[in-house]
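Colleague: Read off the chains here:
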Amino acid sequence: MTTISMRVNGKDVSAAAEGNTLLVNFLREGLRLTGTHVGCDTSQCGACVVHVDGVAVKSCTMFAADAEGAEITTIEGMANPDGSLGTIQQAFRDYHGLQCGFCTPGMVMIAADLLKNNPDPSEQEIRDYLEGNICRCTGYHNIVKAIQAAAGQNVPSVAAG
Amino acid sequence: MYAFDFVKPTSIDEAIQALSEGEAQALGGGQTLIPTLKARLADPGTLVSLAHIADLKYVRVNGDVIEIGGGTTHATVAAQAAEAYPGLADLAGRIGDPSVRNRGTIGGSLANNDPSACYPAAALGSGATIVTNTREIAADDYFQGMFTTALEEGEIVTAVRFPIPQAAHYEKMAQPASRFPLVAVFVAKYADGVRVAVTGASNNGVFRWAEAEQALSSNFSAGAIEGLRHSAEDMIADIHGTAAYRAHLIGVMTRRAVEKLT
Chain A
1 MTTISMRVNG KDVSAAAEGN TLLVNFLREG LRLTGTHVGC DTSQCGACVV
51 HVDGVAVKSC TMFAADAEGA EITTIEGMAN PDGSLGTIQQ AFRDYHGLQC
101 GFCTPGMVMI AADLLKNNPD PSEQEIRDYL EGNICRCTGY HNIVKAIQAA
151 AGQNVPSVAA G
Chain B
1 MYAFDFVKPT SIDEAIQALS EGEAQALGGG QTLIPTLKAR LADPGTLVSL
51 AHIADLKYVR VNGDVIEIGG GTTHATVAAQ AAEAYPGLAD LAGRIGDPSV
101 RNRGTIGGSL ANNDPSACYP AAALGSGATI VTNTREIAAD DYFQGMFTTA
151 LEEGEIVTAV RFPIPQAAHY EKMAQPASRF PLVAVFVAKY ADGVRVAVTG
201 ASNNGVFRWA EAEQALSSNF SAGAIEGLRH SAEDMIADIH GTAAYRAHLI
251 GVMTRRAVEK LT
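Residue numbers (the working numbering), protein chains in the order written: chain A, 1 to 161; chain B, 1 to 262.
Here chain B stands alone, though its shape is the one from the complex (with noise of 0.2 Å):
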């Protein structure tokens, strides 16, 4: 790793003044910013740890919303999302590892915005609303591409909004050696629709299936897209799968999560 200095905010105005001066990074639970620092594929004067700031470690229940504040681990959401929304705390419970899920926030998996991760598919697929320090920002606005996001420079993710489905479910085809998703579906079922969200296929980052959700809105059943493909144009291609795999699998997980569903 390079060297850089490293801070201990207590608040979020605290954080939010550090991250303002010089080359400062935000580090969230670092389960992927340390890797990244160790391959030394990034070089910040300053880190600015947010692991002290009580104010955003929490899950509250208002209503048909769950609000998850950005700094509160995979473990926490897995164990206290639970009652209030199943099928969100059974994806964050099976994040990476039960170590990883120790440390592990919401917040950083968002702001990250791996193409593989599994939090984005969440977010998505309830049509969350990522709260920051300056704004509040729909998940369809939020999501800009592989790594890519609307967060600006210095701008981090306080709180999570959920709005709680009559049921979801997650299912993911992980990929063996690293556990995150090869292909991974959060279909979430509302009054006024069915969300079907992607995650570890596309080259853009996490995407909604519309042509399996308006299938689904009209008919919730696994025959309802039995028959639909999803289009291998612009899938991830690597030497775990190919585009055509990929996204053969999108249909795959989409049909298993309805299944669970019904």
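Next up, chain A with everything else stripped away, as it sits in the complex (with noise of 0.2 Å):
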């Protein structure tokens, strides 16, 4: 058991892991982040995406030791300062872009990344970008709308249900 350092959405943490020691498993039982979701643990689903260095990552297939230094980002530092949602989180809520919520921050994680490369991506490009993060509630279309309206686009709003 060695001590591991990282910085975790602007703050210098530290944990005990392994050599064995998944990223996202020192988040959530190191850190007790537990935003940050592990759904299929074999690197299909997204749920566990977090920001490693200004890059989207499976956070369940990398080690928390190749992370030890760098900066990483969380859902849990989406937020804005005063504790109000983010833009592509207000997105998600206002366009209905989850139902269960279990993939939700791994979708707004590679939404980010997704949105710091291209501001103005087109539908098939989030499409595409999306091609590793599964969501099996919202058949993806409101997903897809949140974060057009992220990006600033103009998105026909959802009707109340």
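Some hints here could point you the wrong way.
[To be verified] Pair by pair, the computed Cβ-Cβ distance ranges are:
1. B:210 to A:124: 22 to 30 Å
2. A:93 to B:210: 56 to 64 Å
3. B:226 to A:76: 51 to 59 Å
4. A:35 to B:245: 40 to 48 Å
5. A:35 to B:240: 32 to 40 Å
6. B:244 to A:29: 47 to 55 Å
7. A:127 to B:35: 48 to 56 Å
8. A:76 to B:244: 50 to 58 Å
9. A:118 to B:150: 38 to 46 Å
10. B:10 to A:29: 52 to 60 Å
11. B:141 to A:10: 48 to 56 Å
12. B:240 to A:69: 38 to 46 Å
[Said to hold, decoys possible] The list that follows gives simulated cross-link-like pairs (lysine-lysine, DSSO-like), each with its CA atoms no further than 27 Å apart:
13. B:8 to B:38
14. A:11 to B:260
15. A:116 to B:189
16. A:11 to A:116
Everything labelled a hint here was simulated from the structure, so no lab data went into it. These numbers come from a predicted model, not from an experiment. Built from N, CA and C at the ideal position, the CB exists for glycine as well.
Mind assembling these two chains? They're in different frames, but the hints should get you there.
Modeller: So, in structure tokens, the structure goes:
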């Protein structure tokens, strides 16, 4: 067991880890940041996506030791400083981009990664970028709309149910 | 996962030293190895992470050759090789998904030589040279069957040198669940001839389709390979497709790749 330090959501943190501790378990169990989810645990579903040094990675498929000293952003770091929802989170809420919410942390993190690289993506570019993030509730349509809205595109509002 | 020690060398020499001790295993981006470890299909005493060796991460163009460090991620190749070798950058930019491309490395992919991986098709289809810590290996000698390469124990891929073709395209029929190629074909046109490399299809891993290369070298058009069929012998057969289906796809993917280039 060794102590691993990194910077998570702007805060220097450290916790104990084994050689085989995955980044996702370090975040969830070591730091109690349980917003990052483990869905498939086989790098298919993307519920565990976080940003490591500014790029999206599947935290279930990276060792905590490899993230030592890195700058990490998780879903807990996506709200505005005053605690209100960030732009992407708010758009997911406004456009019903979630139902059960299990995939949402990963969806928000991959959306943030996309919009950083491509601030005005087409619908097809959004759908391509979601290739490694699986949602079993929404059929993706409202997730795509939410990301379009977060990009500042004019998206028809979703009818209230 | 079984327990193991985790070491993070910062130079190639340190990595080779670490790999020479006990039951050590090199870790590239881990996008295949970590799932393998989770399934307890591997039990290394020590995992030697190559992620912290700056000398393994680069994309350099030297005249008509592009050299890529073994630790370079797919996302970096997609971005930095786009100008010099767009066919290769396009292949790298379609491996897996965006998060996988931010971790997975070219050296890891070539060392693993999954029979359905993308990079082996580019390396073989370009007649690339695989550079290791001890030697240089021609792609034609490097790939030796499913998950088998010319690499010796403790040897790592430090770089890959691709001769830049006049034109190249990678045509992939993705298996929709895994996003690996069901069958994919890399076609590269060089001044001295055409190379056609096929991945995802054969029980023996990536291979060159000699008949198509011959036909396309004398006449680079989809018409030149019309009617050309690849044998279904030794093709992979599983729940996703029969051997005959995969053999058929080789022809379709090759034709589509050529159509994109003509």
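Colleague: Out of the numbered hints, which ones does the structure contradict?
Modeller: 1, 7, 10, 14, 15
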